[in-house]
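Asker: Fit chain B to the supplied structure of chain A, relying on the hints for placement.
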Amino acid sequence: PHMSNQVLLFLIVGKNEPLYEAEIHKRGSTGNSDAVARQSYFVLHSSLDLVEKSAWVTQNMYLKVVDKVNQQYVSTFLTAGNIKFVLLHPGRNEESIKNFFYDVHELYVKLSMNPFYHYDTPITSKEFDKRVKAVARRYLS
Amino acid sequence: LYSELVQYHQNRVDSIGELERRLESSGYQVGLKVLELITYRNREYKREIRIMNILQFVSTQVWKALFGKNADSLERSIDNADEFMIVDYEPLTSTFVSVPADFGQLSVDAYMSGIVAGVLTGAGFSARVTAHSVALEEGEHSFGSNNNALSGGASSLPPRKEKAVFLVKFAPEVLERDAAMDR
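For the protein sequence lines, the chains are A and B, in the order given. When the first sequence is numbered by the numbering used here, its final residue is 141 and no position is left out of the sequence of numbers. When the second sequence is numbered by the numbering used here, its final residue is 1183 and no position is left out of the sequence of numbers.
Here chain A stands alone, though its shape is the one from the complex (with noise of 0.2 Å):
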C-alpha cells in the first residue's frame, strides 16, 4: 500500500523504549490511517541502529537523515543524554526540521528539570504534548 505523505511521525527514544510519541498531520490531509502507524514504527525501529553508529561519529546533535526507506526519510537529533529524537518526513526540509528539534530540545530540556520527570522515563505531561504538536505545526505542516 503507498505510504501516506500527509503523516509525519515524530518519536523520543530513550535507551530502550520509545518515551513519547506524536503524528503530525500536514494541513489537508484526510487523516491517519492504522496501516501507516504500523509500518512507520517498523521503519524507525530499524533506523535506530544506523542512529546509534552515527552518534559515536560526530558531536552534532542534529544528525540530519540517517535513512530512507520508501519515499520516507528518518532524520535524527540527539540530546546531551543521548535520548534521540526521531522523525518520519517524507520530503527533505533540513532547515525546518532543524528548527523542529531546537525548539522541542528546549521542551525537553524544560521537563528534565522538573524534579518529578526521571531521565529515560516515558513522557507523560500533556503540556509537553500540546507544546510539541504546536511546534510541529509551526514548522512542518
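Everything labelled a hint here was simulated from the structure, so no lab data went into it. Note that beta-carbon positions come from the ideal geometry of N, C-alpha and C, so glycine has one too. A few of these clues could be false.
Derived contacts from chain A toward chain B, CB cut-off under 7 Å, selection only [as the list claims (entries may be wrong)]: (1) Met61; (2) Gly81; (3) Asn82; (4) Val109; (5) Tyr139; (6) Ser141.
Derived lysine-lysine pairs resembling DSS-like cross-links, with alpha carbons at most 25 Å apart [claimed, not checked]: (7) Lys110/A with Lys1064/B; (8) Lys53/A with Lys1046/B; (9) Lys110/A with Lys1046/B; (10) Lys1046/B with Lys15/A; (11) Lys110/A with Lys133/A.
Answerer: Same frame as chain A, now just chain B:
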C-alpha cells in the same frame, strides 16, 4: 539546603553505607539533568564523544555550574588505563559539613560522586565514580588556584589537610570505543 538533605537521609538510614548510597543516588539524578541543562545553555548543539573531552566538561563546566570554580586538576592513572581522577582541594560539600566523631568515614562527597557518574553515564561513558579523601603532601597547595566563590580567597577557614579525589573508572566498552576513534 544541602545539610537538610543530608539530615533527611540520616534519619532514615541505619548505616553509613546506606547514607552514602542514597546520597550517591540523589546525585546521579542531578547529574543527568545537569548534563542536559549545561549543554542546552551553551547553545552549540554539540555533544562530547571522546573521554578526555567529557572529563574536561565535568571538571570545568559542571564544577563551575555547581561550585563557581573549576576542579583543581584532572589526572590519568598511571597504573590503570581505565581510571582518571578529578581533584578538588576545597570540595564544597564537605567543607561546610562537620563530621561528628562517631560517623568515622562518612563522606558527603558521595553526593558529588553521584553527580559525576550521572553526567558521564548519561553522556554514554558508563563509569563507576568513588570519592576519596587523600592526605595532602608536604608543600602541596592546599588552596585552589581558582577563587573560592564563598570565602573570596583564603583565610576564614582552617587550612585543609586533605584533598578530595573523585576516582572515575570507565566500563571496558567505553575505552574500546574511544580507542577505536584514534585509528
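Asker: Evaluate each hint against the coordinates.
Answerer: Against the structure, the hints:
no.: 1; hint: Met61; in the structure: holds (4 Å)
no.: 2; hint: Gly81; in the structure: holds (4 Å)
no.: 3; hint: Asn82; in the structure: holds (5 Å)
no.: 4; hint: Val109; in the structure: holds (4 Å)
no.: 5; hint: Tyr139; in the structure: violated (16 Å)
no.: 6; hint: Ser141; in the structure: violated (24 Å)
no.: 7; hint: Lys110/A with Lys1064/B; in the structure: holds (21 Å)
no.: 8; hint: Lys53/A with Lys1046/B; in the structure: holds (16 Å)
no.: 9; hint: Lys110/A with Lys1046/B; in the structure: holds (18 Å)
no.: 10; hint: Lys1046/B with Lys15/A; in the structure: holds (19 Å)
no.: 11; hint: Lys110/A with Lys133/A; in the structure: holds (16 Å)
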